Structure formats: C-alpha cells, structure tokens
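Trainee: These are the residues of each chain, in order.
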Amino acid sequence: MNNRFKIAIIGLLALLASCLYLYFEFNRLPEDIFTADTDVKITSRTLAKSFKTNETRANAEFVEKTIEVVGSIEEITNINNRYTLLLQGRSKANYVICDLSASELEEVKKLQLGQTVRIKGICAGYLMDVIMLNCIIING
Amino acid sequence: MIKTCFLFFICTCYFGFSQEKMIARQGQVSFFSYTSVENIEAVNNQVLSIIDFSSGEIAVNMLMRAFVFKKALMEEHFNESYIESDLYPKLQFLGEIPDFDTTAEAQTKIVKGQMTLHGTTNDLEIKTQIESVENGFVLTGNFEVGVSDYDINVPPLLRPNIAKVINVEFRFEFEPYEDE
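Residue numbers (my numbering), protein chains in the order written: chain W, 1111 to 1250; chain V, 21 to 200.
Think of the hints as simulated: they come from the structure by calculation, not from any bench.
Quick caveat, the model's predicted, so the values are computed rather than measured.
Fair warning: there could be bad hints in the mix.
Stated by the list, open to error - Here are the simulated DSBU-like cross-link-like pairs (lysine-lysine), alpha carbons at most 35 Å apart as the crow flies:
1. K90(V) <-> K1151(W)
2. K147(V) <-> K1202(W)
3. K129(V) <-> K1175(W)
4. K91(V) <-> K1162(W)
5. K1202(W) <-> K184(V)
As the list claims (entries may be wrong) - Computed footprint of chain V on chain W; a stretch qualifies when at least three of its residues, placed anywhere within it, have a C-beta under 8 Å from a C-beta of chain V:
6. 1169-1175
7. 1239-1249
Idealized CB from N, CA, C, for every residue including glycine.
Build out the structure end to end from the sequences listed, making use of the hints.
Mentor: See below:
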C-alpha cells in the first residue's frame, strides 16, 4: 500500500467522520427531561417570590436550569392542545405555570385541584408568572 | 418610550380596574421560516396578553426562550446567535384595537402598535380576527416580520437557511382578569 493510498483512505475516513458529526449534531433532539440532573429543588411559592422580588437575580439563578418545584395545583388548563398546571405562586394572581410534556397526557388526568405535586421542568423566565417548560410530573 | 408605556400598562392592569380588562396567560405564537435549504418553525405556548377595554389598548409580552423547536441546534442558534435571549429576553407589543365591539360575535380589526424585539422598536399593523366565545374572546391572526428590521444578524454561511421575512401566527384566548 503506497503512501498516496493511505492518505486518501485517512482523508475519506476524516470526511466520513465529519459528515456523521454534522448529521447527528444537526438532528440532535432537546435534552431528555426524564434523565436530566436536577439543578434546584424549590417550592412554587418561593420560586414565584424570588422572581417578584428581584427578577434579574432570579433569572441568573433559575433560567435554563432544570428545576423540581413543589406546589398546590390552582388550575389545570388545556389550551391550544396543551395541558398546563398553574401552581400556587405568591398570591392569587401569580402562578408558576408548568407547560407539560406530551408524555404526561395520561398522568395529568389523575390530578385534582388543590393537590400538592412535584414537577420537574426547565425554567424559561418570568412574565406575570414564572414559566416552566417541558415539565413532567414526578409525583402526584 | 414604549417600554415605559408597556410597564405602566401592565402595572395598571396588575393593581386595579379588573372588571374592564381581560387576560390571556397562555397565548400561542408560532413562527415559520421557509427557504429552499430548510424550513424552521417554533411555537411559544406561554404568551401573556392583556386587553384594557376602557382605553382600547392591548399589551403582549413573551419570553423568547419559551419558543420550542423540533431540533436542539435550531433552538441554540435562535437564542444564542440571532435573538441573543440573555440580552433581550422578552418581546413586547403595545397597541390599540380600534372600536372594539364587545357585543359582536365576530369582527376583524387592524391593531396598530409598536413591537420591541432584540432591542429594536418598530410600528406594526396586524389584521386580527376577534371571535366572541363563552366568557371571553379569541383573537387570531398572522403577520410578517423582516429579519433585518430588528437588527438580527445572521452569519453569511447560514443566510441561505433563514428566510428574510418570517411568518408569524398567533392565537389568544382571553378571559376576565382577576387581580390581586
């Protein structure tokens, strides 16, 4: 096997590896919330109060983090074909809104208003309420 | 200026006059970018909007990080490279609905206002369908956003992948607002 042939083979293998890397990177799915490590465990009231008191500090502390939040269910909504839990915040007009993952369609039907639940999800930030995305029900 | 008006509007809504206002905590806004290279779409199901009937004003506020994409790489590029969500986490719209008839079953209005995205504010006119439903209203519509109008930089290598004009659709279910 001469040197030119070896270089051509190595070049082809490198090209193949690059193409495979780009293909898998391009088609990479969002992180699986079931296996993601929890960064913060907190009650829904404390989480809502943290954002209301100092949004900038709370953004740095919670946004893009995987959070387990415990709170009482104030509302269960099904809007635009998505189930969402509104957990008790610091007051009547202030909630922790948990946008449920599609995997929770059956679990959410077992929940009741006033029940305390533990939810795991990704914190997206704060509007009038704290917004949590891709949420799963840890225990109901 | 629009930020001051927006904050004033939201604060006013927050602390009083609840019977004259309606709220949509979980509005849906989606956008689509169509090019010959690839199609990109994302949806945000947690958009906040409040209508003040006494003034005819409507405010919309959304987190840019709440847009959900099918692929993680698209979401990362959107938040880190294009929208810069750490610097500009929210989109705000403050506008007016002219002659809102709360007794009509269905009506179409041109909502005029200002939208602030990526630190840039532009005037916007949005044709909006308003449907009366039990205990509230549903607002739907669509409009187009020029990428260059909001100072969004797309790297030359990725320009063929991103449409110059993005199509945006929205749907809000409003219900009576109960304040604290």
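Trainee: The structure should be examined with respect to each hint, and the outcome stated for every one.
Mentor: How the hints compare with the structure:
Distance restraint check for K90(V) and K1151(W): the Cα-Cα separation of roughly 28 Å lies within the 35 Å cut-off, and the hinted pair is therefore satisfied. About 34 Å separates the Cα atoms of K147(V) and K1202(W), which keeps this hinted pair within 35 Å; it holds. At roughly 40 Å between alpha-carbon atoms, K129(V) and K1175(W) are farther apart than 35 Å, so this suggested pair is violated. With a C-alpha separation of about 32 Å, the suggested pair K91(V) and K1162(W) falls inside the 35 Å cut-off, and the hint holds.
With a CA separation close to 43 Å, the supplied pair K1202(W) and K184(V) exceeds the 35 Å bound. Look at the segment 1169-1175 of chain W against chain V: 3 of its residues bring a Cβ nearer than 8 Å to a Cβ of that chain, three or more, so the hint holds. With 4 residues having a beta carbon nearer than 8 Å to a beta carbon of chain V, the segment 1239-1249 of chain W meets the requirement of three or more and the stated coverage holds.
The earlier numbered hints that this structure contradicts are 3 and 5.
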